[in-house]
Structures are given as structure tokens and as C-alpha cells.
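S.K.: Could you slot chain D onto chain U? The hints should help.
So the sequence lines, in the order shown, correspond to chains U and D. Just so it is clear: in the first sequence, position 100 is 100 by the working numbering, and no numbers are missing. Just so it is clear: in the second sequence, position 187 is 187 by the working numbering, and no numbers are missing.
Treat the hints as calculated values from the structure; they're not laboratory data. Owing to the predicted nature of the structure, the values given are computational and were not obtained by experimental measurement. For every residue, glycine included, the Cβ atom is placed at its ideal position computed from N, Cα and C. Misleading hints may appear alongside valid ones.
To be verified - Some but not every residue of chain U turned toward chain D, in silico, with C-beta under 10 Å:
(1) I63
(2) N64
(3) V65
(4) T101
(5) L124
(6) V128
Unchecked claim - Here are the computed distance ranges between Cβ atoms for each label pair:
(7) D:V72 with U:E114: 46 to 52 Å
(8) U:R93 with D:A110: 33 to 39 Å
(9) U:G131 with D:A110: 19 to 25 Å
(10) D:D117 with U:E114: 50 to 56 Å
(11) U:R126 with D:T30: 40 to 46 Å
As the list claims (entries may be wrong) - Calculated cross-link-like contacts (lysine-lysine; reagent style PhoX-like; alpha-carbon spacing at most 25 Å):
(12) U:K106 with U:K123
(13) U:K123 with D:K125
(14) D:K45 with U:K106
(15) D:K45 with D:K90
(16) D:K45 with U:K112
(17) U:K123 with U:K68
(18) U:K112 with U:K194
(19) U:K123 with D:K45
(20) D:K69 with D:K125
(21) U:K68 with U:K106
(22) D:K125 with U:K68
(23) U:K123 with U:K112
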Amino acid sequence: MESQMQSATPMKFALLPLIAAVTLWGQSPDLDAPGQHLLDESTVSRSSNSAAEAPAADSSSDINVNSKYIVASIRFVGRSYRLSRTAIEEMHRLIGARVNTEALTKLTSHIKNELRAHAVNFKLDRGVQPGSVDVLLEVDKVFDLSIPSFAWNSNEGWAGIGEARATLGSNVFTFDVISDRDSLVEQYAGIQAKFERTVPHTDRVFMAFEFDQYHENYAAATHLAMAASDSSSSLGAGLYRSRMNIEPSATFVLAKPLTLTVGVSFEELQPELPAARAESANVVVNTLRYRQSWEDSDAIVQELDAGYNLRAATKLLSSSLGYTRHAANARYYYRNGFQSVEIKVALGLIYGNAPLFERFVLGDSNMLRGWNKYELDPLGGNRLAYSSVTYGYHIMRVFYDAGSVWDQGKPALFKQSAGAGISSGFGRLQRGAFLLALAFPLRQGHVEPVFIAGMNF
Amino acid sequence: MRPAIAALAATGLFALTVASDDLFVRRSLTDVHVVAPRLHFLTGKTLQRLRDGATAPFDFQLTISAGTKNNVIVRAVERFVVSYDVWQEKFAVVRMSDFHKWGMNASSNAAEAWCVDNISLPALKLPAGQDLWARLEIRSVDQKNQSSPVSDSGISIISLVELFSRPPRPQQDRWTLETAAFHADALKQQ
Numbered sequence: 001m002e003s004q005m006q007s008a009t010p011m012k013f014a015l016l017p018l019i020a021a022v023t024l025w026g027q028s029p030d031l032d033a034p035g036q037h038l039l040d041e042s043t044v045s046r047s048s049n050s051a052a053e054a055p056a057a058d059s060s061s062d063i064n065v066n067s068k069y070i071v072a073s074i075r076f077v078g079r080s081y082r083l084s085r086t087a088i089e090e091m092h093r094l095i096g097a098r099v100n101t102e103a104l105t106k107l108t109s110h111i112k113n114e115l116r117a118h119a120v121n122f123k124l125d126r127g128v129q130p131g132s133v134d135v136l137l138e139v140d141k142v143f144d145l146s147i148p149s150f151a152w153n154s155n156e157g158w159a160g161i162g163e164a165r166a167t168l169g170s171n172v173f174t175f176d177v178i179s180d181r182d183s184l185v186e187q188y189a190g191i192q193a194k195f196e197r198t199v200p201h202t203d204r205v206f207m208a209f210e211f212d213q214y215h216e217n218y219a220a221a222t223h224l225a226m227a228a229s230d231s232s233s234s235l236g237a238g239l240y241r242s243r244m245n246i247e248p249s250a251t252f253v254l255a256k257p258l259t260l261t262v263g264v265s266f267e268e269l270q271p272e273l274p275a276a277r278a279e280s281a282n283v284v285v286n287t288l289r290y291r292q293s294w295e296d297s298d299a300i301v302q303e304l305d306a307g308y309n310l311r312a313a314t315k316l317l318s319s320s321l322g323y324t325r326h327a328a329n330a331r332y333y334y335r336n337g338f339q340s341v342e343i344k345v346a347l348g349l350i351y352g353n354a355p356l357f358e359r360f361v362l363g364d365s366n367m368l369r370g371w372n373k374y375e376l377d378p379l380g381g382n383r384l385a386y387s388s389v390t391y392g393y394h395i396m397r398v399f400y401d402a403g404s405v406w407d408q409g410k411p412a413l414f415k416q417s418a419g420a421g422i423s424s425g426f427g428r429l430q431r432g433a434f435l436l437a438l439a440f441p442l443r444q445g446h447v448e449p450v451f452i453a454g455m456n457f
Numbered sequence: 001m002r003p004a005i006a007a008l009a010a011t012g013l014f015a016l017t018v019a020s021d022d023l024f025v026r027r028s029l030t031d032v033h034v035v036a037p038r039l040h041f042l043t044g045k046t047l048q049r050l051r052d053g054a055t056a057p058f059d060f061q062l063t064i065s066a067g068t069k070n071n072v073i074v075r076a077v078e079r080f081v082v083s084y085d086v087w088q089e090k091f092a093v094v095r096m097s098d099f100h101k102w103g104m105n106a107s108s109n110a111a112e113a114w115c116v117d118n119i120s121l122p123a124l125k126l127p128a129g130q131d132l133w134a135r136l137e138i139r140s141v142d143q144k145n146q147s148s149p150v151s152d153s154g155i156s157i158i159s160l161v162e163l164f165s166r167p168p169r170p171q172q173d174r175w176t177l178e179t180a181a182f183h184a185d186a187l188k189q190q
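In isolation and in its complexed conformation, chain U is listed as follows (with noise of 0.2 Å):
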């Protein structure tokens, strides 16, 4: 949930105790759509400053006893928001200067006619450096439809979100329309609801509860693998034709920018054969995730992001599926003018029966991108192994990627591929950009390139 951008320059450490930060989640100006960036409760610094040397505030803002105090970030609560080059610039101006009421009120009246907001109120928190604060901007935005996230791929077809997002006070409501042909084994279509609010009295807690309701589709190859598995198979559940989903949750910072989420999920698979019994993937959720990002000057940006989630069904829950399923991701980001690297790796594995949702898979739009997913795993695989390498100049990509899925007991066979496109972003951070590129399967014999384009995905 949070990154943090530090300065890596000893000197400046060494003779300025300040750490300033501005709180960035997304990447730096120069690299996210036209005006356009991602900003939510993540951190960034940019540089270090001392009182000393940090920018007075106007005589008119040293009311505010605070304004002896060094801004060491800004971030919004609770959310991610989209904002204009210009506003960013106007926070990286107050980021390392000291707090300057009139500044801050300007900034958020700025930002509130930016994200048509009811109302933009900061907040100063005590920074974790003694004398500096963190700027916590909160936004009362009663209404939002947000710009829909989509994909298209050659071999797959369309996946897309349209959502919509309604605030009251601390309570956010989101609702979203989903069709995706993409990421999962499963072709599924249907709602997710969700509801999220602060715990009053702290930014460090998170609670959520959300509600989803799906119907699924198979795709030939998936049909006939599954009436080909054998009854050994650890496939769980087998093909349903729906399934729902209702999952509190609550998120606790334990220490910027590391995060846990905890809760659990209560998931009830309707079977393809009306007959048949529901089955239920009652799971407790525990997801670890680090953000994080450096910038040593304009030009050299990085940003790591590694989390781990483990999902476990287990029969205290009522789960009539028994599993353990463990996730972990890590990706790397580099950028130095207008050159870019970004490594990704992603790790499975799947102890018991799961479900298709649950299961791996590799030959999507993200993931070892060329691949059909139907040729290298019909029903996705419990083991996951894979790793990307992307490079970029200015918004040209290049990427390798390298994976494999498979079941636990048969062998690993690793695929490759590679491509080329156009990209305004990376990977997750990519929100608002947008995605032109054509994938390669390396391997021997015909080969057919897959076309992937896509927007906010």
C-alpha cells in the first residue's frame, strides 16, 4: 500500500537529519500519461532538508506554530487519486519546505477542483524524523465514475472494469462491473461491491468488506481437460457456473511503507450441474506487502513492491475445500532519464484442492504475454514460476518474459517470450496509461504473434 521515495545521497544524509518525502504511488511525472498521476497513501522522498535549510514559510503562515515543522510527505488517505502535473509539481514544491498553512490550503483547494471534490481537508501527522510532519490529504468526494480499465488480447479476448466509487465522510463505497476474459482460467463476468473506511482516530488501520458475484465460462480447451483429469487430479470443485464472494478485511500499517492485510473470504461455487452440491472456499487472507520508492534526483527514480499473500481454506470456516495457496511477487523498477528497466517475479504454490479461480496462470496479458493460456495449462497449474525483464525508452518497451505453470508431481517445462510496444507506464503503476504491444512465443515452428492492447489495466 505504500512507497516510499528516499534520498540515496550520503552527503546530503549526513548534513541534513530531515528526510523530506512526498507521498507517490505511481511513477514520476515524466513517465505517466499526459498530466495524469497516481497519487494515494504511499511515500516518497526527494530529497533532504534541514530546518535550516529548508524554504521559510511566508510570514503570514508562521501562525501556525507547525510551521517551524519540515513537510516530509504528502499523501492522500485511504484511496489512490489521479492528478495533473501541475499539482504534483505544486506538492514536490512543499515537500522539504516548511509548513506553510497557505500553501497547503491552496494545494487542496487546487486538488479539490481537480477531483470535483465536496471537499479536500489536510491533516499533519508527526513525521517519523523528529520535526517533521506528513501531510495527510483527505478527500470527501461524494461521487466518482472513474475512467473503465480494459484489455484486449488476440488469443483471449476482452477483459474490462467499469467502476464507480461514492464517499461519505470516511466511508467509501465502490462498485464495479467486470467482465474478464483474461486473467484467470475461467472466463467469468458479473459485480464486485465493496465498502472501506479509516478506523476513526488513525490512518494506520483500514477496514473492508467486500461483496462479489460472478458467472463463469469455459473455453473448449478448459472443458476437455477437465473431463480428462483424473479423479487424483488436485483440481477442486470442479467447473461451477457462478460463485460468491463476501470478504471483510482489515489493513494494518505496521510500519511505512510495510503493510498486512488481514480477513477472510467466503466463497460459494454453484457447480455446472444444477443437481449437484455447492461446494465453499471459505478462506482466512493474510497478505504482507512492501512498497516502496527512492528518487536521488529528477532523473533517477526506483521503486520496489513485494508482497506475499497466503490464502488457506480451512474447515473452522465451514470450507467444504481444503487448500493452502501461497502467492508471492516482487517487481523492480528503475528509471534514469529516459531510459527504464522493470524486473517482475512472480512465485505459486498450491497445497490441496482449489479451485480454477485459485489456480495459476501464465499467457495472459501480464503474464509471459505471447503464450496462449490454454496451451500451457487448460486448468492452470498449483506451481508458478515466472520473471519478466522490460526495458524502456521514453515510451518504446521491449520485454522478455520466462515462467512456467505447472502441477505439482509432472514436470516444469519453462516458455519464453518476447515483444515490443508502446507504454506511457509500467505494470500496476501503468493506471491511466495506456498499452500497445505485440508478444512473441519463442519457441520452434509457427509462430503466431499476439496482438495485446490495453488501457488503465
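M.R.: What follows is chain D alone, placed relative to chain U:
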């Protein structure tokens, strides 16, 4: 009917008594100050906003009337801006008429008392032998208009007086306190 009128009169008298007990006058060597021990304007959302690091400006007007309550003979206006030190956990108040006058207070009550204590009237202007009434009016400042009376040279007293001559906006919090009638010569110098 009569008991009802008597009850109403008693209620009114009681209210007046309470109001009178909320504001007291004291005199220093040259000035007249007021004390409002039961006054609390740093409460609720304002207090929360302060603890969140924002500033809360308040306009104060202290008047003394002679003969009748409407005959204002002397007036003082001040703007106080309260803020809360998020590290030291103390309230700071600055009197805008002289930016250098700061008060650091450990509690909201102390900050309120500091504001009340730092608005005063010259004692010499009080006529002897007449009934006098002191009245303290406080208005929260609309955040959008908070900087209007403030210029580089400080706060414009004329602007503040004009502000008090207008009725408060609906969103403005307002407190008004009044003393019971008193005589200038009865004020003990403290």
C-alpha cells in the same frame, strides 16, 4: 396563567444570572480585562481540526456600555489564531494585531483563557458613577475569509469592527457573554 408567567420570568432571570456569571471584569494598572471561566470555544470539530494541524482563527470584540447596554463607550477588537503543535502537543495562540505576541498552552482551556486575557480596554476611559456592562463577543472565522482583515502590517482593526457590525454567517460559531452591571470605581486593581 400567572404561575406560567412567573415561571417564565424566573427562567429568564435565571438565564440572565447565568449569563452574568459567565463573564467577570478585572482591572490591571491601566487596563480592564475580562475573565470567562466557563467559556469554551475550542471544542468539537474546531478542536479536531486543530489537532490535525490546522489553524483556527477567532475574532473577539470586547465592549463596555455605560448607562444603557446599547451605549457602547469603548471597544476593542482582536483576531486570535489558535494552532496545535503536533510534536509538543501544546496549543499556540497568536494575537494578530501584533504577530509577535504568542502564547503556548498545554491545554485547550488554557489557550481559551489566554485569548480572553489578551483583549483589554483602557481603564481610564471608564466613566465613574455609572452603570457599566462589559460584553465579549467571539466569532469563529469563516476559513474562506480568514485572511481578509490581515495585511502585511498586521490586522486591520477597521475591518474587524466592520465584521462585528455584520450579522454572523450561518456557518460561523458565535459566543456572546455579558457581565452584570458594575461601577468603574468598584473594580479592584489586580
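S.K.: Each hint needs a verdict: does it hold in this structure or not?
M.R.: Verification of the hints:
{"no.": "1", "hint": "I63", "in the structure": "holds, 4 Å"}
{"no.": "2", "hint": "N64", "in the structure": "holds, 5 Å"}
{"no.": "3", "hint": "V65", "in the structure": "holds, 4 Å"}
{"no.": "4", "hint": "T101", "in the structure": "holds, 6 Å"}
{"no.": "5", "hint": "L124", "in the structure": "holds, 3 Å"}
{"no.": "6", "hint": "V128", "in the structure": "violated, 12 Å"}
{"no.": "7", "hint": "D:V72 with U:E114: 46 to 52 Å", "in the structure": "holds, 47 Å"}
{"no.": "8", "hint": "U:R93 with D:A110: 33 to 39 Å", "in the structure": "holds, 36 Å"}
{"no.": "9", "hint": "U:G131 with D:A110: 19 to 25 Å", "in the structure": "holds, 24 Å"}
{"no.": "10", "hint": "D:D117 with U:E114: 50 to 56 Å", "in the structure": "violated, 44 Å"}
{"no.": "11", "hint": "U:R126 with D:T30: 40 to 46 Å", "in the structure": "holds, 43 Å"}
{"no.": "12", "hint": "U:K106 with U:K123", "in the structure": "holds, 14 Å"}
{"no.": "13", "hint": "U:K123 with D:K125", "in the structure": "violated, 45 Å"}
{"no.": "14", "hint": "D:K45 with U:K106", "in the structure": "holds, 21 Å"}
{"no.": "15", "hint": "D:K45 with D:K90", "in the structure": "holds, 17 Å"}
{"no.": "16", "hint": "D:K45 with U:K112", "in the structure": "holds, 20 Å"}
{"no.": "17", "hint": "U:K123 with U:K68", "in the structure": "holds, 16 Å"}
{"no.": "18", "hint": "U:K112 with U:K194", "in the structure": "holds, 24 Å"}
{"no.": "19", "hint": "U:K123 with D:K45", "in the structure": "holds, 13 Å"}
{"no.": "20", "hint": "D:K69 with D:K125", "in the structure": "holds, 16 Å"}
{"no.": "21", "hint": "U:K68 with U:K106", "in the structure": "holds, 19 Å"}
{"no.": "22", "hint": "D:K125 with U:K68", "in the structure": "violated, 40 Å"}
{"no.": "23", "hint": "U:K123 with U:K112", "in the structure": "holds, 15 Å"}
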